[in-house]
Amino acid sequence: SQELEQSPQSLIVQEGKNLTINCTSSKTLYGLYWYKQKYGEGLIFLMMLQKGGEEKSHEKITAKLDEKKQQSSLHITASQPSHAGIYLCGADKGSGNTGKLIFGQGTTLQVKP
Amino acid sequence: DAGITQSPRHKVTETGTPVTLRCHQTENHRYMYWYRQDPGHGLRLIHYSYGVKDTDKGEVSDGYSVSRSKTEDFLLTLESATSSQTSVYFCAISGQGTLGGYTFGSGTRLTVV
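Chain order of the listed sequences is H and R.
Its first residue numbered 1, the first sequence is counted upward by one per residue in our numbering.
Its first residue numbered 1, the second sequence is counted upward by one per residue in our numbering.
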């Protein structure tokens, strides 16, 4: 079965610094989703990537899916305290629209002012 | 928010007692899901539904049952709660399976003592 591995597991950065979170799959990804979770709250959808080489940006967050569709990265530029939280990648469990998402274990981000 | 609510938000129960968590949506989405979130494990799928009275097991379904008698409600029942079921439970909905991702509820924090 497919698994998603995120790295690093946790990250502490100084405000204003750039950072990258990676999500690696054991199989080809047919849709990769990034979510953010604040402590004690639900998950908020950030971005979805489907095509190899695809890149999307929203404000200071950029997500990329590699050409082989087995790895995605989430890059935050000039981090702010508001970026703190848990970032999770998710992907379809199978090779298409199985209706079920699996998730990585999450990356906890702290941003020091 | 996106028309998905979970109840209760917090619950403390004793070992051996039955517990039912409710997920209610106003989006008329076909797919509904129950996940649990635990440190080091990320989100793991318990059960899901792809229509009224159509449900299936996820990866951690032991000790849990679900019912969906109406499109808008998806109930998760712990038949006899155990301490290992202490967790944060999230409901999610989707109109197209994994296409387009999920919308998550705010979560239910369950403690079994």
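Derived by calculation from the structure, the hints in this document are not laboratory data.
Be aware that a few hints might be false.
Claimed, not checked - Here are the computed lysine-lysine pairs in the DSSO-like style, where the Cα-Cα straight-line distance is at most 27 angstroms:
(1) K38(H) x K68(H)
(2) K56(H) x K93(H)
(3) K36(H) x K60(H)
(4) K93(H) x K57(R)
(5) K56(H) x K36(H)
(6) K51(H) x K112(H)
(7) K112(H) x K36(H)
(8) K53(R) x K36(H)
(9) K53(R) x K38(H)
(10) K27(H) x K112(H)
(11) K57(R) x K70(R)
(12) K68(H) x K27(H)
(13) K11(R) x K27(H)
(14) K68(H) x K36(H)
(15) K100(H) x K70(R)
(16) K27(H) x K51(H)
(17) K27(H) x K53(R)
(18) K93(H) x K11(R)
(19) K17(H) x K38(H)
(20) K64(H) x K27(H)
(21) K11(R) x K36(H)
(22) K112(H) x K68(H)
(23) K64(H) x K70(R)
(24) K93(H) x K112(H)
(25) K17(H) x K93(H)
(26) K100(H) x K17(H)
(27) K64(H) x K17(H)
(28) K100(H) x K64(H)
(29) K36(H) x K100(H)
(30) K70(R) x K68(H)
Quick rundown of the hints versus the structure:
As the CA atoms of K38(H) and K68(H) are separated by approximately 31 angstroms, the hinted pair breaks the 27 angstroms bound. The straight-line distance between the Cα atoms of K56(H) and K93(H) is roughly 22 angstroms, inside the 27 angstroms bound, and the hint therefore holds. Under the criterion of a C-alpha separation no larger than 27 angstroms, the hint pairing K36(H) with K60(H) is consistent with the structure, at around 14 angstroms. Restraint check for K93(H) and K57(R): satisfied, since their Cα atoms lie roughly 13 angstroms apart, inside the 27 angstroms limit.
At roughly 16 angstroms between alpha-carbon atoms, K56(H) and K36(H) fall within 27 angstroms of each other, so this suggested pair holds. For the hint linking K51(H) to K112(H), the alpha-carbon distance of about 35 angstroms lies beyond 27 angstroms, and the restraint is violated. Between the alpha carbons of K112(H) and K36(H) the distance comes to roughly 18 angstroms, so the proposed pair stays at or under 27 angstroms and holds. For the hint pairing K53(R) with K36(H), the CA-to-CA distance comes to about 31 angstroms; that exceeds 27 angstroms, so the pair is violated.
With a C-alpha separation of about 33 angstroms, the suggested pair K53(R) and K38(H) falls outside the 27 angstroms cut-off, and the hint is violated. Between the alpha carbons of K27(H) and K112(H) the distance comes to roughly 35 angstroms, so the proposed pair goes past 27 angstroms and is violated. For the given pair, K57(R) sits about 19 angstroms from K70(R) by alpha-carbon distance, which is consistent with the 27 angstroms threshold. Proposed proximity of K68(H) and K27(H) is supported: the alpha carbons are some 10 angstroms apart, at most 27 angstroms.
As the CA atoms of K11(R) and K27(H) are separated by approximately 38 angstroms, the hinted pair breaks the 27 angstroms bound. A threshold of 27 angstroms between alpha carbons decides the hint, and for K68(H) with K36(H) the separation of about 24 angstroms falls inside it, so the pair holds. A C-alpha spacing of about 20 angstroms is found between K100(H) and K70(R), which places the hinted pair at or below 27 angstroms, so the restraint holds. For the proposed pair K27(H) and K51(H), the alpha carbon gap of about 15 angstroms is at most 27 angstroms, so the pair holds.
Of the supplied pair hints, the one linking K27(H) and K53(R) is violated, its CA atoms being roughly 32 angstroms apart against a limit of 27 angstroms. Distance check on the hinted pair: K93(H) and K11(R) sit about 30 angstroms apart at the alpha-carbon level, beyond 27 angstroms; violated. Between K17(H) and K38(H) the CA atoms are separated by roughly 20 angstroms; this keeps the pair inside 27 angstroms, and the hint holds. A distance of roughly 17 angstroms separates the Cα atoms of K64(H) and K27(H); the hinted pair therefore holds under the 27 angstroms criterion.
The suggested pairing of K11(R) with K36(H) holds, with an alpha-carbon distance near 24 angstroms, which does not exceed 27 angstroms. Taken as a hint, the K112(H) and K68(H) pair is broken in the structure, with Cα atoms around 35 angstroms apart against an allowance of 27 angstroms. Taking the CA atoms of K64(H) and K70(R), the gap is about 39 angstroms. The hint is violated against a cut of 27 angstroms. Only pairs whose Cα atoms come within 27 angstroms are accepted, and K93(H) paired with K112(H) is rejected, the gap being roughly 35 angstroms.
Taking the CA atoms of K17(H) and K93(H), the gap is near 34 angstroms; set against the 27 angstroms cutoff, the hint is violated. Between the alpha carbons of K100(H) and K17(H) the distance comes to roughly 35 angstroms, so the proposed pair goes past 27 angstroms and is violated. Between K64(H) and K17(H) the alpha-carbon distance is near 19 angstroms, which keeps this suggested pair within the 27 angstroms criterion. With a C-alpha separation of about 22 angstroms, the suggested pairing of K100(H) with K64(H) holds against the 27 angstroms cut-off.
Our distance criterion of 27 angstroms between C-alpha atoms is met by K36(H) and K100(H), whose separation comes to about 19 angstroms. Straight-line distance between C-alpha atoms of K70(R) and K68(H) comes to about 41 angstroms, which puts the hinted pair past the 27 angstroms bound.
The structure shown violates the earlier hints numbered 1, 6, 8, 9, 10, 13, 17, 18, 22, 23, 24, 25, 26, 30.
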